[in-house]
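In order, the protein sequence lines correspond to chains C and Y.
Residues in the first sequence are numbered consecutively from 97, following the working numbering.
Residues in the second sequence are numbered consecutively from 309, following the working numbering.
Bear in mind the hints are in silico, worked out from the structure with no lab data behind them.
A hint or two may mislead.
Computed, partial: chain Y to chain C, Cβ under 10 angstroms [as the list claims (entries may be wrong)]:
| # | residue |
| --- | --- |
| 1 | Leu394 |
| 2 | Phe395 |
| 3 | Met407 |
| 4 | Glu442 |
| 5 | Gly445 |
| 6 | Leu465 |
Every value quoted in this text rests on a predicted model; they were computed, and no experiment measured them.
We put the CB at the ideal spot given by N, CA and C, even for glycine.
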Amino acid sequence: MRYTRPVLVALIALMPLVCMPAVVAAVEDKTVINVGSKSFTESVVLGEIIRQLAQAEGLQSPHQAQLGGTRVLWNALLAGEIDVYAEYTGTLMQETLVAEKLTGLDDLEQALRARDLRMTAPLGFNNTYALGVKDDLAQQRDLHAISDLRQHPDLKLGFSSEFMDRADGWPGLQRRYQLPQQDVRGLDHDLAYRGVASGSLHVIDLYATDAEIEYYGLNVLQDDLNYFPAYHAIIVYRAELESRAPQVVRALQQLGGKIDAANMINMNAKVKLQGDSEAKVAREFLAATFNIDTAIQSESVWQRFFRHSREHLLLVLISLSAAIVVSVPLGIWAARQPRVGQLILGVVGIIQTIPSLALFVFMIPLLGIGGPPAVVALFLYSLLPIVRNTYAGLNDIPLHMRESAEALGLPSAERLRVIELPLATRSILAGIKTSAVINVGTAPLAALIGAGGYGQPILTGIRLDDTGLILQGAIPAAVLALAVQGLFEGLERYLLPRGLVGNAI
Amino acid sequence: MLELTQIAKQFNGSVALHALDLNFAHNTTTVLIGPSGCGKSTLLRMIAGLVQPDSGSIRFEGEPLTRDNINDLRHRMGYVIQEGGLFPHLTVQGNVTLMARYLKWPVARIDARLQELAQLVRLTPDMFTRYPAELSGGQRQRVSLMRALMLDPDVLLLDEPLGALDPMIRYELQQELRDIFKQIDKTVVMVTHDIAEAAFFADKLADSIVLLREGRVVQQGSLRDLVQSPAEPFVGQFMTAQREPLEHLQKVLR
Ligand SMILES: Nc1ncnc2c1ncn2[C@@H]1O[C@H](COP(=O)(O)OP(=O)(O)OP(=O)(O)O)[C@@H](O)[C@H]1O
Ligand SMILES: [Mg+2]
Numbered sequence: 097m098r099y100t101r102p103v104l105v106a107l108i109a110l111m112p113l114v115c116m117p118a119v120v121a122a123v124e125d126k127t128v129i130n131v132g133s134k135s136f137t138e139s140v141v142l143g144e145i146i147r148q149l150a151q152a153e154g155l156q157s158p159h160q161a162q163l164g165g166t167r168v169l170w171n172a173l174l175a176g177e178i179d180v181y182a183e184y185t186g187t188l189m190q191e192t193l194v195a196e197k198l199t200g201l202d203d204l205e206q207a208l209r210a211r212d213l214r215m216t217a218p219l220g221f222n223n224t225y226a227l228g229v230k231d232d233l234a235q236q237r238d239l240h241a242i243s244d245l246r247q248h249p250d251l252k253l254g255f256s257s258e259f260m261d262r263a264d265g266w267p268g269l270q271r272r273y274q275l276p277q278q279d280v281r282g283l284d285h286d287l288a289y290r291g292v293a294s295g296s297l298h299v300i301d302l303y304a305t306d307a308e309i310e311y312y313g314l315n316v317l318q319d320d321l322n323y324f325p326a327y328h329a330i331i332v333y334r335a336e337l338e339s340r341a342p343q344v345v346r347a348l349q350q351l352g353g354k355i356d357a358a359n360m361i362n363m364n365a366k367v368k369l370q371g372d373s374e375a376k377v378a379r380e381f382l383a384a385t386f387n388i389d390t391a392i393q394s395e396s397v398w399q400r401f402f403r404h405s406r407e408h409l410l411l412v413l414i415s416l417s418a419a420i421v422v423s424v425p426l427g428i429w430a431a432r433q434p435r436v437g438q439l440i441l442g443v444v445g446i447i448q449t450i451p452s453l454a455l456f457v458f459m460i461p462l463l464g465i466g467g468p469p470a471v472v473a474l475f476l477y478s479l480l481p482i483v484r485n486t487y488a489g490l491n492d493i494p495l496h497m498r499e500s501a502e503a504l505g506l507p508s509a510e511r512l513r514v515i516e517l518p519l520a521t522r523s524i525l526a527g528i529k530t531s532a533v534i535n536v537g538t539a540p541l542a543a544l545i546g547a548g549g550y551g552q553p554i555l556t557g558i559r560l561d562d563t564g565l566i567l568q569g570a571i572p573a574a575v576l577a578l579a580v581q582g583l584f585e586g587l588e589r590y591l592l593p594r595g596l597v598g599n600a601i
Numbered sequence: 309m310l311e312l313t314q315i316a317k318q319f320n321g322s323v324a325l326h327a328l329d330l331n332f333a334h335n336t337t338t339v340l341i342g343p344s345g346c347g348k349s350t351l352l353r354m355i356a357g358l359v360q361p362d363s364g365s366i367r368f369e370g371e372p373l374t375r376d377n378i379n380d381l382r383h384r385m386g387y388v389i390q391e392g393g394l395f396p397h398l399t400v401q402g403n404v405t406l407m408a409r410y411l412k413w414p415v416a417r418i419d420a421r422l423q424e425l426a427q428l429v430r431l432t433p434d435m436f437t438r439y440p441a442e443l444s445g446g447q448r449q450r451v452s453l454m455r456a457l458m459l460d461p462d463v464l465l466l467d468e469p470l471g472a473l474d475p476m477i478r479y480e481l482q483q484e485l486r487d488i489f490k491q492i493d494k495t496v497v498m499v500t501h502d503i504a505e506a507a508f509f510a511d512k513l514a515d516s517i518v519l520l521r522e523g524r525v526v527q528q529g530s531l532r533d534l535v536q537s538p539a540e541p542f543v544g545q546f547m548t549a550q551r552e553p554l555e556h557l558q559k560v561l562r
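So that you can see chain Y by itself, here it is in the shape it has in the complex (with noise of 0.2 angstroms):
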């Protein structure tokens, strides 16, 4: 589905990413971890085509992504970030239905589409007219999802999109999420800082966890490669440094 070669970018002159290589396979969940600032919004925003790589590329079904085609390649991925990213003079109906609009969809089909996902995402029909600061932070992502989620699109970029919420909120959403993600036919990239939310999303066998560092892939694989066959000590320190996963790490393990 997605594939990236050889891509690296500097920012003023630091390495944020080394040229690497990493593929996205269709249908697939990745979810991408490592210590903060080394490099996984970055790979995000690159596959959003909103930073350009100094050097190698990004294929999207083997179509590779230039100034020409990114609008429409966009139109193909939903990207959620951390804070939401709703634009706060929008209602969520007008942020979710912005791009449909755009589009010229019938008005019919729009709002057939807005009910689906309001299921889907449990959110309902009275939330529609409120703006972003009318709504709780949990509320706020559902809504950022089914944004993302208008076009139906093949690919779903999420960086930390539960990183800004309390741990029973974030745990409730992380079980809907999954569930939604079990709905839909898609492939996932996933940023987050939490190995246990990392396994629990790469829960499927053709599923993955990339752990990065300072801008490389330190090592590719599932939750038991990274703890049974580190690539290098970073990998064990990384699993070690993050104590509160550890007990689920146990039940997960057991």
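Next comes chain C alone, as it looks inside the complex (with noise of 0.2 angstroms):
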């Protein structure tokens, strides 16, 4: 019977690969629209608004909220991953496409032409660098621009450290405008809200559409020498679309000029200061600018709970699978040929040392965003700990033991199959306990490139700094974690042959 065992333990570890299917489909269809998202609230209201345009034309527009950034985004969109999402003419100009040195937008929409992507108009509003005061004390103090700043030396500023560090942020700005303000400090963005809120300061920097502005009743000085670079609000698409969707097309060139910029701060702090749902703030825009009604479907507590725990199950089963199918040959194989095994603990090693985002970043071209490169991605990841478990648990075999096998007259294979694997158990298992607590770990960050699982609610609660949410995916990665350990624990038990338990060989 302890020979079936083995078996037993591939046969549990291949079940999930039979799920695999499931998640990748779900692409190719000529009708689907992919909007995507940044992890700011702005930009994720801005792509609720895309879907449900698209979604009123009729086309089904799933929508990757909250991807990780510029970097995923915009690698996304080229490998047609998405087909669309809210951008800044800043980032692209200053950041994505800085090399090429961009002037304007005619610039801007050129070189996206180039990549068979297009632009809309400017959405309306400018979300860049911005000074903001309490609307009280500029109406006392008659401020409306920057440069209005200049003629009361005796206002205390307060500044994000990153503000006041950056070379295009304070030491420019004070040189631009000849500012001759001596009570300058760096603090955290809340506190100078907060700062700024009780008087204790006078002028915080910003971005122009936060939502707090609304909120704390802050007026934002305009940049009347034109100082900071325009961070215009558009949207990029894939040129296809044009033939595909046209309708769609059609749709998101009518948002040009039509989102200003107090319509954006009171859409963020709809979101943000009063706890409504992206969809519904959407809604309610499309609803009152082109008299659109869609209709969102919301998810329950306990349903996106599910959903959340299914995709997260789903990332660590296949990708925990595939790492012990393939880890523990390779370990094999590295212990039977001392000189491929150096190789293979190498590369295996150096996989380890890749920062997890850098990973997901570079694997979208191959394989796109979603489930399956964050399922390879934690497959990589879970590699080490077996291979090289498995390898030192082989190795360790005292001498005696193995030639007393061979000794026998047992051909090789074998003896890897009755004797030597068998008395490596406990080291494999080991190894995998630690790939699974380690998968289990990282796969939170899968929600940073569409993946889901419980990183979402998590990424969701940094955003809106709602420590609720954030728990609502903690606690089940969590008790997942434990549950995992617990699983193999249990399996070990159970693999473990009497003769083995609580004595080293």
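Take the two lone chains and join them into the complex the hints point to.
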């Protein structure tokens, strides 16, 4: 019976692979438009607006919300993994395409065309760095533009540390406007808002459409010397949409100039400060602006929990079982062929040192976004402990034990199966346990490339500064880590032959 | 039965065995003895095919050992080492019947052989389900011997089979082991440190003791030969160095 155990383990390990196609499928439909957004509220709201516009045109439009930053979205757009997302002209011109030294919107449009991308006209707001003062102070001192500050050297300034340090932040601003203020300090952004509300600070830096602008009753000073680069919101999309879904392109073009700064601040505030869903805010905007009525299906807390659980479990199960199926043979190979072994251990070790976000971004051109690249990344991260422990477990079998098996006249493959692998069981299982914990611990990051799971509520919670939401992801993830550990401990009790329990060989 | 011709072995440039010739005749017991590191175990491991000689050849009933036939020939040799070499994850029964099961013997035949061997080495069947960790050192060596004898091999290779046992058990097992060897007709090659043990096992006329030193055969013969006509002074030194056996020696010679 004992001989059947390894087979059994292999079967258990392979089982989740059967579920793989469920994750891999789900793309490739001509009438689908994939919408993306970055992991901050404004981007998600704009993503929802795009999604609902497309939906109103009768298309299926899944929204990959809060992906892990500009790199991820830009690469996903180029790779065709998403078709459209909201971007800022400044981000494209100052960061993504900075090497091309673009100087205006026409330049930018040209550069996008060269990549088979298109952009809409600016939506109507410029989410750049800005300076804000309280409304009453602005009226008192008659402050409308940044140059007005020159007449008031007594004002206290408080800036986020990033803004203080960047050459294009405070130092440059002071030089351009010849600002005389002496009392300038660096502090946390949230504290700055509270400081200006309480009156202990007078002028702070902010993004022009921050939700807090409305909440704290702030006035945004006009950049009358055009110091800050423009961050006009635009929508970028793949050129093929023009033939594939012309009605959607038309709808997107209509958004040009329809969202002004006050409008955007208001929408951000509704989500961040009043707790409305992005979908609801987007729907209200479309109803008010275009008279479009879109049905939004809302998920209950439990439905969402089950969806995240399913996504997360699938990520972990598939990547971990694939890692087991691959690493154990790799470890055996390494133990049998010392030279190949060094190579295998080296490569697997190097993989472990690649930062996860870098690995995700690297994989977008190959595997796109969503489940598959996340599974592959988690799979790669799970290799090292199992390979190394399989290798060590086999190598640590005492020579006299190995020779006893050989002297019996058992062929090499049989020795491996009935003697060496069972003797290495404890070490191999320890490696699998380590991998499982690393895997479960890394899986939440998969939400950064749209693979969902418990990372989703964690990301949203961080974005909205909502501890409850963070815990909705963090607690199940921790419980899962414990459960997986427990599962393998149970498996060890079942798999480890009595003769090996409690005593080393 | 076993013919070693000019076999030599070096490990990382240091010589473990100089080219040596040895013959082990059918149904005789040959005891290899000599100071630690003189190459006894290496010689035995070479016969079992665990170590490849750098030069020379080993023949089993005239057939040279090769990579291709080694596993078949191993089925005709039993190998027992000092630590027993039992697999800790298998029960007594699992250890003993491992090879027979691999060779797909019928269950009835395996059971019959198991019972027969248990009787031979005086183990009770209730031990069959125990794991090696649950056995005493003496019991472990009995199980090792059962495993080595399972396929009824022609040759038994024993590397200090009693070396790890305390003197009482060792004495008891010596007697039993010799009785066992008398019951079965095997070519036995045994390594020991103990000249008395060597004399005790190599007690038939055809048996012999082989004294090795630094990878060379110093002398081959009966105990009487070694004592009465030592080939070189080292033989005498080696005998006197073993004080405790000298008492036995006198008994045997009387
Ligand atoms: N695998 C190996 N690698 C390197 N050197 C080895 C190896 N096996 C044996 N030797 C060396 O070969 C020589 C003979 O070793 P061997 O084990 O045959 O001695 P022995 O006569 O059995 O000694 P002991 O009575 O202590 O068991 C020793 O010098 C030993 O260090
Ligand atoms: Mg030895």
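Structure-based check of each hint:
1. The closest approach between the C-beta of Leu394 (chain Y) and any C-beta of chain C is roughly 8 angstroms, which is under the 10 angstroms cut-off, so the hint is satisfied.
2. A least Cβ separation of about 6 angstroms between Phe395 (chain Y) and chain C falls short of the 10 angstroms threshold, and the interface hint therefore holds.
3. Contact between Met407 (chain Y) and chain C, as hinted, is supported at the beta carbon level, the nearest pair being about 5 angstroms apart and thus within 10 angstroms.
4. Given the 10 angstroms rule on beta carbons, the hint for Glu442 (chain Y) holds: about 8 angstroms separates it from the nearest Cβ of chain C.
5. Given hint, Gly445 (chain Y) at the interface with chain C, is violated; its Cβ is 15 angstroms from that chain's nearest Cβ, farther than 10 angstroms.
6. About 8 angstroms separates the beta-carbon of Leu465 (chain Y) from the nearest beta-carbon of chain C, less than 10 angstroms, and the hint is met.
Hint 5 alone, counting from the list given before, is not met by this structure.
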